[in-house]
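Two chains, two frames, a set of hints: combine them into the complex.
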Amino acid sequence: MSLRFVSGKLLGALGTFAFVIVFNFFLFRVVEGNPVGTLFRGRNLTEAQRAELRHQFGLDGSKLDQFWHYLVQLAHFNLGRSYETNATVISEIGHAAWPTVVLVGVSTLLSTIIGVWMGIVAGWRRGSWRDHGLTSFTMATYAMPDFWLGMLLLIAFAVLLGWFPIGGISDPASTATGFSKLLEEAHYLVLPCATLTVAYLGEYSIVMRSSLVDVKQEDYLVLARAKGLRDALVRRRHAVPNALLPVVTLIAINFGFVLSGAIAVESIYSWPGLGLATYHAIRAPDLPMLQGLFLVFSASVIFFNLLADLAYAYLDPRVRTA
Amino acid sequence: MTTVAAASSARRIAWARRRRALRRAVGDFGHSRSGLVGLAILVVVVAFALAAPLIANHDNLDPSKTLDTPLWASPAKHGPLGTDSEGRPIWDQLVYGARISLLVGLAATVIAMVIGSAVGIAAGFYGRWTGAVLMRLTEWFLVIPFLPLAIVLAAILGPNVRNVIIVIGITSWPGTARVIRAQVLTLKERLYVERSRALGASNRHLMLRHIVPNVSPLILANTTLTVPIAILSESTLSFLGLGDQQKPSWGRMLDEAFSNGAIGQNAWWWYLPPGIGIVLVVLAFTFVGHALEEVLDPRLRERRS
Numbered sequence: 000m001s002l003r004f005v006s007g008k009l010l011g012a013l014g015t016f017a018f019v020i021v022f023n024f025f026l027f028r029v030v031e032g033n034p035v036g037t038l039f040r041g042r043n044l045t046e047a048q049r050a051e052l053r054h055q056f057g058l059d060g061s062k063l064d065q066f067w068h069y070l071v072q073l074a075h076f077n078l079g080r081s082y083e084t085n086a087t088v089i090s091e092i093g094h095a096a097w098p099t100v101v102l103v104g105v106s107t108l109l110s111t112i113i114g115v116w117m118g119i120v121a122g123w124r125r126g127s128w129r130d131h132g133l134t135s136f137t138m139a140t141y142a143m144p145d146f147w148l149g150m151l152l153l154i155a156f157a158v159l160l161g162w163f164p165i166g167g168i169s170d171p172a173s174t175a176t177g178f179s180k181l182l183e184e185a186h187y188l189v190l191p192c193a194t195l196t197v198a199y200l201g202e203y204s205i206v207m208r209s210s211l212v213d214v215k216q217e218d219y220l221v222l223a224r225a226k227g228l229r230d231a232l233v234r235r236r237h238a239v240p241n242a243l244l245p246v247v248t249l250i251a252i253n254f255g256f257v258l259s260g261a262i263a264v265e266s267i268y269s270w271p272g273l274g275l276a277t278y279h280a281i282r283a284p285d286l287p288m289l290q291g292l293f294l295v296f297s298a299s300v301i302f303f304n305l306l307a308d309l310a311y312a313y314l315d316p317r318v319r320t321a
Numbered sequence: 000m001t002t003v004a005a006a007s008s009a010r011r012i013a014w015a016r017r018r019r020a021l022r023r024a025v026g027d028f029g030h031s032r033s034g035l036v037g038l039a040i041l042v043v044v045v046a047f048a049l050a051a052p053l054i055a056n057h058d059n060l061d062p063s064k065t066l067d068t069p070l071w072a073s074p075a076k077h078g079p080l081g082t083d084s085e086g087r088p089i090w091d092q093l094v095y096g097a098r099i100s101l102l103v104g105l106a107a108t109v110i111a112m113v114i115g116s117a118v119g120i121a122a123g124f125y126g127r128w129t130g131a132v133l134m135r136l137t138e139w140f141l142v143i144p145f146l147p148l149a150i151v152l153a154a155i156l157g158p159n160v161r162n163v164i165i166v167i168g169i170t171s172w173p174g175t176a177r178v179i180r181a182q183v184l185t186l187k188e189r190l191y192v193e194r195s196r197a198l199g200a201s202n203r204h205l206m207l208r209h210i211v212p213n214v215s216p217l218i219l220a221n222t223t224l225t226v227p228i229a230i231l232s233e234s235t236l237s238f239l240g241l242g243d244q245q246k247p248s249w250g251r252m253l254d255e256a257f258s259n260g261a262i263g264q265n266a267w268w269w270y271l272p273p274g275i276g277i278v279l280v281v282l283a284f285t286f287v288g289h290a291l292e293e294v295l296d297p298r299l300r301e302r303r304s
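Order-wise, the sequence lines are chains D and P. Using numbering that gives the first Met the number 0, read the first sequence as starting at 0 and increasing by one per residue. Using numbering that gives the first Met the number 0, read the second sequence as starting at 0 and increasing by one per residue.
Worth double-checking, as some hints may not be accurate.
Restraint-style ranges between C-beta atoms, simulated for each label pair [unchecked claim]:
(1) 248(D) x 263(P): 37 to 45 Å
(2) 132(P) x 50(D): 33 to 41 Å
(3) 96(D) x 263(P): 28 to 36 Å
(4) 67(D) x 24(P): 52 to 60 Å
(5) 64(D) x 185(P): 43 to 51 Å
(6) 139(D) x 24(P): 24 to 32 Å
(7) 259(P) x 50(D): 39 to 47 Å
(8) 170(D) x 215(P): 52 to 60 Å
(9) 225(D) x 33(P): 30 to 38 Å
It is worth saying that the hints were derived from the structure and are not from the lab. Yeah, the Cβ is synthetic: ideal placement off N, Cα and C, and Gly gets one too.
Excised from the complex, chain P in its bound form (with noise of 0.2 Å):
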């Protein structure tokens, strides 16, 4: 009896603990003024993404149903943003896109952290052999070049946007294995991992109960900062014609503005509007990972302070 006591009251500590981490992570975040800045674009072009059937006419990307709308307009003659060579409206491209680009930032992003989590862990918590083979093959993927494997494999699985996510997913987890690797080396020594291991504890537990929730926190930080580059890795694989060829990406757009001539017509409505939509969801979401990770990592919060 007493032990269950003890044992609910633990955890009830242990929830307190988390309920007022939490609290304070969310109150330090709200100090960073970048970080809300990039929050709120990214609420509004989340916001545009999920709304598109709303506030666009997806009939309007296929060109045999333009038909009666002008070719190369400029926002004054067609609004709001104009039209393309074939006189697709570029807004409804431009809000469709959005989708593409989140969809596949997102969902590579989800790929590499998988991928790279359980290899940082399994990396550094078991040392000697495992940890020296999965080391050499985070260094290997290290040092391959990112787009010249990319574009390898995205013209051998051929251009789609689930290959598309594979490809920019399995090419970008490495050095997020390599942060998680080096975090998980430093808790290994930690004492109460000693302690729990003392016990009796498997290896299991000290994994689930002691390691991931105390790099959850830098693979989140890690997440938010790979988003970006995830996605500037989607616009130039579709710019370099290996993206789907149905749906409209923000890098797909900017290749056909390119490739149909929208730079020899000076069609600013055409080129300008993708590319300003991919930086501020960069910039977003890097303003977001820096103000997580100054939250989130005790040694960054104390050299602010």
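Only chain D is shown next, with the shape it has when bound in the complex (with noise of 0.2 Å):
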């Protein structure tokens, strides 16, 4: 991978993330014209409050002196004070940042095992009875409302069954150590992480499904029968390893959308992680703290998609020239 390459990209997702560092300013001080008045909506607040209060939030003097302000600010991390909990936003994301990575780490890897997989049962033999009943199967997950799922799994294996608890991340009175106290934590991941693996394991399985298709017509796939391996061989050497290459793309372009139902998700299952701070953020509502995460989460599907572009020039020679 030539460094001209790289440093492309590099900066191209640094020109990204600079446009919503912008955006995020004008989104918050210039479509609505006075943050302090929404922010406050129905208080009683004198004159001189209010100008203090416009001071700490950064909002005297012209736009670009705002502007500056911000910038300067958020240079040394400072995203400003949560108005519901009073704790500086940055601690509050940090806090909330684990149980996130957690379950849409652990979710990501398996609906893109999961929907690989079936990408390949389901494309391989194109028109059989797997073929139709995967399809449908991932049409259904695709049209269902993530939220939705994540209800009816919850009543099903948690209020129902009472197989798995019924929200939260560990039980506050257990006194497990090590190993079994892990082992409690997964309980409390599964239905979740569940939840957020079928919601998206149908588009992997989608992608792989077409590309598989597509691959199946290449001269090398006839070349690679003609010279008398056995079907699976074919598939396994062949076919999936080129047909893999769309998902690689696609596992960064679903990352938005995982984090997206992470905090519809997180709500459900009154998850501690970033999407039930969203949630709380919302119904506050505490727009330094809706801020401060819209700039995590802008600033992490960025990285992903910088991530994934590298990985795909790398695993496909042909895009490194282009």
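This is the structure in structure tokens:
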């Protein structure tokens, strides 16, 4: 991979991030002319208090001054204070990040593996009963709102069957340590993780299937068969590795959606991550918190898109020169 | 005199060709079983939504007017679909909710299609600077995660139906813009466009006469595939409390069911119907969209045959 390619992609990602930063500023300061008014809607404030709040939020001075103030604060990782808890936004986000990383990480891994496997099974024998069954299943999961799927799983497996806890991340009364503690926490992870996995494996399956169908028409597969390779070997060695390429990009594109899905699913299962924090920030409404969360979500999506671009170029030599 | 006759006959030929193409497209669509199923579901749901004042009672949406109906009644006790925690019949909410869900889905899609097509056509047609700048903008909007952006916008603008439509509309266009641009780029190189340009056609003429008619099937197919996404987005925004508090949509019904403990009470008649409604409508639009895509996209038509 040439240095020029990598630096180009890096610059592109930085440019996008710069856009998000500017956009974030405008979203909160200019679109809404008076954030202090919105934030403290319905409260009696004296003019002096208002001025003090405006100063505190960096809203006095010209728009240019404000923008500079915002950039300086951002450079110091100062995202302001949560209106609800009065803790700094950055510390709130820091606390909530880890549960979301676990949830999104595990579910992305599972949905990729299961989805790709389903896509291979369906695409390799197009038109078979397995293909029809799997395609119907993925269509159904695609059409379901992820939070509704979460509600259904919650009702079935936590309320009616009682196999899993109703919500939260761990039992506060638990005395377990070490491995059994880990096992207990995994127990809490099962339902939210299953929801996100089922909600997003459909797309992997669909993309893998159509990619495999395309690859099946390539000449090198005819050659592989002509060499006398067994069907399973043709699939494993020649078809699947090439068909996997589009899935790599999809993982990154989906990442943004999985984060969004996590917002709804975390609020259903009271999973104390960034999604639940977003849910609370919406209900409050806690604008500094929303602004910080938006920045974190955008930054992580940009980062993963960059990773996917680089991974794609590494895997597919044709892209590098483009 | 001769030129006029030639022009009118050329127009007649063109119209005859369009009529033939339309007849063939309708015929092809009729062969797609899933497309027809989707269309049938849509006709039924739209009929219910339009007939809402006839088959449901709008007064029942107001909890202060349902004081004499039982709370948490199952369908067996209070037909046809039971009541919620405030005694409001689920049936009336479901029928009137269909209106809001469909309205938001369709209106937001229109906004997304107008922006997406305009940006896509402009970016593809005007290369160089305009195209590059527009594409950069599209990439940016593609990367910004949709739901957080929509949440922030909805929180700032305030929760009502109009704002939800605007929010979904202005966050759902980049995918369309990219698809349209790719198509315009190939169309621009076609011989008939070159010929028209050589004959002295203006950019305006080229765009309106050659580019737009040729991308419109693509826009149509894209529209039917964007509506389900818009409907799902609406339900998520409503579920998170960013929908209109006065008007029931399917997403809002699910939000109320969840926050009022329908899960603990296992009031299945409350949380199942709106979800099933969303799934059916989303599936229907997706089926119709894929069928249209196959009918209208020559490349897919060839692959299928």
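Consistency of the hints with the structure:
1. 248(D) x 263(P): 37 to 45 Å: The hint (37 to 45 Å, Cβ to Cβ) holds, given that residue 248(D) and residue 263(P) are roughly 42 Å apart.
2. 132(P) x 50(D): 33 to 41 Å: At 40 Å between Cβs, range holds.
3. 96(D) x 263(P): 28 to 36 Å: Given a distance of about 30 Å, which is inside 28 to 36 Å, the answer is holds.
4. 67(D) x 24(P): 52 to 60 Å: holds (57 Å)
5. 64(D) x 185(P): 43 to 51 Å: Between residue 64(D) and residue 185(P), where Cβ atoms are some 48 Å apart, the hint holds.
6. 139(D) x 24(P): 24 to 32 Å: About 28 Å separates the Cβ atoms of residue 139(D) and residue 24(P), which means 24 to 32 Å holds.
7. 259(P) x 50(D): 39 to 47 Å: holds (42 Å)
8. 170(D) x 215(P): 52 to 60 Å: holds (59 Å)
9. 225(D) x 33(P): 30 to 38 Å: Between residue 225(D) and residue 33(P), where Cβ atoms are some 36 Å apart, the hint holds.
In summary, the structure agrees with every hint in the numbered list given earlier.
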